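Peer 1: Hints given; two lone chains; assemble the complex.
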Amino acid sequence: MTLELNGQPSNDIPAELSGTQQFRSDGPTSAATSQDVLLSVQDLHVWFELKRWGFLNAGHVRAVDGVSFDLHHGEAIGIVGESGCGKTTLMKTILGLYQPVQGNVKFDSQDLSELTTRDMQTYRSKVGYVQQDPYGALPPFMTVERILSEPMIVSGIKNRSVQSQRIHDVLTEVKMTPVDDFLTKFPHMLSGGQQQRIVIARAMILKPQLIVADEPVSMLDASVRVEILRLLQKLQASHNLSVIYITHDLSTVRYFSDRIFVMYAGKLIERADVNALLRTPLHPYTQALLAATPDPDYRNALTHKELPPGEPPSLVNPPEGCRFHPRCPKRIEGLCEVEVPPDFEPVPNHYTACWLLR
Amino acid sequence: MSNLRELVRYPAAVIGLLMISVLVGFAIYALATLPYDEAVRLWRGGEAIWYNTPKKAAPVWTNWFRKEDLPATITIDSADGSIVKTREQVSEDVTDIQFAYTFDYPYTTFPEDISIYFDTKYDEKPPHVSLTWLTPDGREIRIASMTAESSLVYRLDQDSKLERRLQLPDSIQSHEGLFMDPESEELVALPGVYTLQVSASVFEPESDVDAEVVIYGQVYGLAGTDHRRRDITVALLWGTPIALAFGLLAAIGTSVTTLVIAAIGTWYGGWVDALIQRITEVNLILPVLPILIMVGTFYSKSLWVILGVIILLGIFGGGIKTYRAIFLQVKESPYIEAAQAYGANDARIIFSYLLPRIIPTLVPNLVTLVPSFVFLEAALSVLGLGDPVMPTWGKVISDARVNGALYQGNYYWILQPSALLMLTGLAFSLVGFALDRIFNPRLRGR
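Heads up: the protein sequence lines correspond to chains A and B, in order. First residue of the first sequence? That's 1 in this note's numbering, and the numbers climb one at a time after it. First residue of the second sequence? That's 1001 in this note's numbering, and the numbers climb one at a time after it.
A hint or two may mislead.
[Claimed, not checked] If you want the ones that stay clear, here's a sample from chain B, every Cβ over 10 angstroms from chain A, calculated:
id	residue
1	V1024
2	I1028
3	A1032
4	I1076
5	F1099
6	Q1340
7	I1350
8	I1359
9	V1363
10	L1383
[To be verified] Think about it this way: if two alpha-carbon atoms lie no more than 25 angstroms apart in a straight line, the pair counts; the simulated DSS-like pairs of lysine-lysine are:
id	chain 1	residue 1	chain 2	residue 2
11	A	K234	A	K175
12	A	K51	B	K1321
13	A	K207	A	K185
14	A	K234	A	K207
15	A	K106	A	K51
16	B	K1125	A	K51
17	B	K1331	A	K92
18	A	K106	A	K92
19	A	K158	A	K126
20	A	K92	A	K175
21	A	K158	A	K106
22	A	K185	B	K1331
Don't read these hints as lab results, they were simulated from the structure. Everything numeric in this text was worked out from a predicted model, so none of it was measured. Note that CB positions come from ideal geometry on N, CA and C, so glycine has one too.
Excised from the complex, chain B in its bound form (with noise of 0.2 angstroms):
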């Protein structure tokens, strides 16, 4: 273990264990605040669940990249007593309900859409809604009235009433119609401070009326959205204690069953050794990826049943032929002989005595074996081999690659899978080519 405790002397080492750190606390915050159930139900969730989040928004942090900000997301809901509603009583049968929605809008570009989300409580008769919108210049704009039944949701686009009302060219949106700057030359945003203002109609004494208004931005939280318009933050969130799990799993799985099984075949000699070699001879030259990609077609493609079958392939890879030769050399030290005379068996002798000396080998050749088997299940993620239920960072390199987000320049939905991926390479390298140093030291520099 002193030699885990050399590993400060090498700058490359600390940094690469900073970065694995962070990617452990990474994972550590994703198992702690978001359960798997819930990550999954959130990344399987259609627009039921993502509808107040805008489709293909890059990351909020793109902004510091751009001389006009993008604007961001605005949710304001009715129903968490945020705005205050007027109830008058017009006559015996009919009450006036009247509240308004003021916000914000600092931002010279236009938004994606706007959508309102109504909730009304009748028993037979359904409110009469009216919306008008008011623009900080003052001016009045009537956007529609209609009857709310309980769960409408107006969608401002699809409005062909309001399109007409508004008399705009056709490549202006009816959205980009109510924020437009009317003195402006160009197609420009007018910053200030907006209304929308809302008066219903009930028809009963326990009639009720809600909205929740979202004006959908161009950018949305740390990490965008994608064509679901589900949050990248959960993949690239979930995505790190899997990539992490898969890849430790994956490599010391292949490497200390191939350790154990070429001590065993160095050990025994004869025909359980022909056996072994053989074995793997034949298994190195079976093609992995094909066979990866025959199982993820014909049987399941669920993660773990990919990593049975890579553990499955790699217990005879090619590290048997590296142990044996150290294993026949080892072999023949005089303490193994030594502990044959004192009479320990042949389990002993290849777990207490045979196996200690590989671990130089082994430890570095882990550490630097996990980010590949992370690689891998991105690969096969990519070739649309990926776990259909887990938000995996493969996953999400692969909705980006299908839904053509290079094409589109949504770089943030295929960069930051990747970075990660990155990350986690360099951070296992750095550490392995120290960890390879300290056990080896032959291979310092002089």
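So that you can see chain A by itself, here it is in the shape it has in the complex (with noise of 0.2 angstroms):
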């Protein structure tokens, strides 16, 4: 399994869009010791019920199912994978929004469901959200400055100076300047990349320790995303910000994370540093999924790549023993589709749930 898209960088192709130049190595990685840790996740479980005629029990979607990490104190991840793996569910937990069935998501030591409602209040200001749809983000009928002291009003800050001042300055950090123009108009008077750029001055606003950034670039013009992921990379440095990247897109992703975690099916099924992951992935849904990353190089145009086949599963019934096992390749008989694989190490720092490499 080769990496064409990482290995051989296209020199037709401006380097921020095909992505090949901008690894990161120098983060704080998983050397970091325990103190260092914001937010950990142990074990974490978050099932939906489904019902039948209203009241029956019709099973669970495991949309998340046994996922554990560990995030540092100014670190970036960046959680991949295919749409309705659980990454969306992943960070709606981590934002307090749903409740884990199991596990729990500890910050700073402390466990979520374990905090009194001031301290919830006190988690969520230290926890800024960075969304997908930067208009459907913004309500429509709020101006700029509103959107911007609703989270203020919410966390009581309620002096209207201070409220001032600190939009003057996370607009300026987000490149609004000037902000008076800015202040008194609607989401609809504002071009995708603006909007997107106040989505950013709002979760920056309570001077969070760290951002849930999901997919904050897909729906953005390509011209845009590269300002867009600067602009978060530029942060994440200044603040010394954690930041949790979601996306399915891999060109993205090594724009500002330290580490990647590849989800498949509820599940966390490799974790490394960028440059590991993407130069030596070691599950084959990994190396499948680098595969599916489209190449813009002429020479590939007719060369067909192997993918597995079939769909992701159902998260209501998911395979016995290792969930990629259908569509798996390299599938073990007898081994893969009875038991569940546990995180192996066969690099230092590099873990993945796979038989293949115990």
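Peer 2: Here you go:
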């Protein structure tokens, strides 16, 4: 398995868009100690109950089914996976919008499920949320100023001058200048890129320690994507932010992720540093995912890539054993379909849940 | 608010707004000139208050459409100083007081009736009064002589002696006899200057005689009078603020509560939503009008009680279903999720994030709802469930209907309040439809 996209930077393509030169290896990686941990997710299960006739239990959708990882101060992780693999559910559980049925999310060593209402509010002010659809993420009937003051009002920052000072600061930071021109605008008066800057400004206004970005650039024009990614990158560096970057687009994930987690059918199947994962993917699914990344190189125009057949499994009745085994080209009969693979560490700091690497 | 400025671009809306402002001006005028208690007192008042107005008289402006003008009411009071009295001492005990009412009567039609309201002052012995009628062609007719007690009312048509003296056929009443043109073949009044002479003999030095002569016309005021001699202007004027207040309160009361309940149900979902939906479904099949009639018959006819019942029944109205459909969509908006993520509580999400989205649907709806409640109030009045105290448009229509206004040709009585009702409906509908187009641009014509 080779990594065409990663290995051979194409000279014709702007570096930003092909994303081949922006690898980061300097961030705090898993070498960091446990004191450094900002967010810790342990054995997280988020299930949604299915109902028949309105009250009978008809099973569960196991959107997140046993996810564990640690996120360090100032670290950026990318979570990649197909649509419907549970990455958005994982993110919303981290944001406190869903309650896990099992396992927990700890922020600064505090379990979210044990927080009081007031502590939960403090937690929410420490986590910023950048959404996918910038227009939908902004209330259409509020001005920019009102949109940005809402989180402060909710968090009890009532002082008007403090509010307007912060709004000025954060808008300057997201390069919405001159600030006063934008304050009275409604979202529909702004371009997509500007809307996404406002979304980022709203996420930043409470001075968070963690930013959760759910496909922040997937609905933007290619020309604007780079600017937004650079903006996020800059904010992360200047505020020492931790970032969870959720995407299905591998070409943007390298922009500022230190580690990449690959998610499949509610489980994390591979966790590794960006370079390691992209150069030497170990799990067959990761390999397939990387192979499916479009490669803008004319020499590939006529080559055909082998991809695993079938579709991602139903999350109501996931396959026994390894969830990828029905589609896996390298499955080991008698093992893969029977036992769930634990996390192996064939290379230091490179974890993968695959029996091939036991 | 820029939406509201857009209204100017719709001529229909401008006309509607003008009509609403006229109605509001009317209401303000009513509130400013006639205090509520006074209005109720006038409306509830009987002959004691309305003694000097004619019965079932058409408005003055109806004369514009007639070949021959109907007479207006002429009221002359000797007590207000407009008439010069002459006192003459006849003997030690007797003093003569003489005065005359002179008035121009330019009509060839007859008045309704003539009454004289005496106000005499004496200690023991009441004055003696005799009345003489002078016609423009120089005839002198003795009307009556009587002892005038302090508040004697002399009604011309009820005096049988006068009737005999005038020797008129049965079909002609005494007051018509006084105005009749004797030269004419037909029964017409003689226009010109008439005089009613009063000569009184008083028997005490301090004693005095005053009298108010009322020649009841066949037209009266701006809006005419009803069967109880009441000036309908009172009801038309005061009906405006009552109708507007009732319509607005009922419309706002029902739609705002409906909106909030729909938002709460949709937001919390689950059993809260299910409960609200079931209550709505049951409420929707309850017949509103029979319930209102029951409340009016057995409990209270007060306008405000009826308003309360209407709002109560309207809370779980059909609007809940419409609003719920919109809220279900809005609830899934990413900005709601963002608000949850930064910690906005349920109340804030419902009132600051869900509700503002529905304003475009609510505002035109609200405006078009106002007249329907105004009509409902009028309909209840016509059914005899109107507020017994308040002067309302519906009450006027109800009185007119009960007293056979249409059979007797008193069209003004029923048409004026109906016109005001229609004006209200039209005004609010014009504005409502324009607002609907502004808030929902897809409705605009191509």
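Peer 1: Give a verdict on every hint.
Peer 2: Here's how the hints hold up against the structure:
Every Cβ of chain A is farther than 10 angstroms from the Cβ of V1024/B; the closest lies at roughly 29 angstroms, confirming the non-interface assignment. With a least beta-carbon separation of about 33 angstroms from chain A, I1028/B lies farther than 10 angstroms from that chain, consistent with its non-interface assignment. Residue-level check passed: A1032/B sits 38 angstroms from the nearest beta carbon of chain A, beyond 10 angstroms. No Cβ of chain A approaches the Cβ of I1076/B within 10 angstroms, the least distance being about 67 angstroms, so the stated non-interface status holds.
Annotated as non-interface, F1099/B keeps its C-beta farther than 10 angstroms from every C-beta of chain A; the closest such distance is 76 angstroms. Residue-level check failed: Q1340/B sits 6 angstroms from the nearest beta carbon of chain A, not beyond 10 angstroms. With 10 angstroms as the threshold on Cβ separation, the claim that I1350/B sits away from chain A holds: the shortest Cβ distance comes to roughly 13 angstroms. With a cut of 10 angstroms on Cβ distances, I1359/B falls inside the contact zone with chain A, its closest approach being about 8 angstroms.
Against chain A, the non-interface label of V1363/B holds: every CB pair exceeds 10 angstroms, the least being about 13 angstroms. Under the 10 angstroms C-beta cut-off, the non-interface status given to L1383/B relative to chain A holds; the minimum distance is some 43 angstroms. Between K234/A and K175/A the alpha-carbon distance is near 12 angstroms, which keeps this suggested pair within the 25 angstroms criterion. Only pairs whose Cα atoms come within 25 angstroms are accepted, and K51/A paired with K1321/B is accepted, the gap being roughly 23 angstroms.
A hinted pair counts as satisfied when its Cα atoms are at most 25 angstroms apart, and K207/A with K185/A qualifies at roughly 23 angstroms. Proposed proximity of K234/A and K207/A is supported: the alpha carbons are some 15 angstroms apart, at most 25 angstroms. Distance hint between K106/A and K51/A is unfulfilled; the C-alpha atoms sit about 30 angstroms from each other, more than 25 angstroms. Under the criterion of a C-alpha separation no larger than 25 angstroms, the hint pairing K1125/B with K51/A is inconsistent with the structure, at around 100 angstroms.
Our distance criterion of 25 angstroms between C-alpha atoms is met by K1331/B and K92/A, whose separation comes to about 16 angstroms. Distance hint between K106/A and K92/A is fulfilled; the C-alpha atoms sit about 14 angstroms from each other, no more than 25 angstroms. Between K158/A and K126/A the CA atoms are separated by roughly 18 angstroms; this keeps the pair inside 25 angstroms, and the hint holds. Proposed proximity of K92/A and K175/A is contradicted: the alpha carbons are some 28 angstroms apart, above 25 angstroms.
At roughly 29 angstroms between alpha-carbon atoms, K158/A and K106/A are farther apart than 25 angstroms, so this suggested pair is violated. Our distance criterion of 25 angstroms between C-alpha atoms is met by K185/A and K1331/B, whose separation comes to about 24 angstroms.
Violated hints, listed in ascending order, are 6, 8, 15, 16, 20, 21; each of the other numbered hints is respected by the structure.
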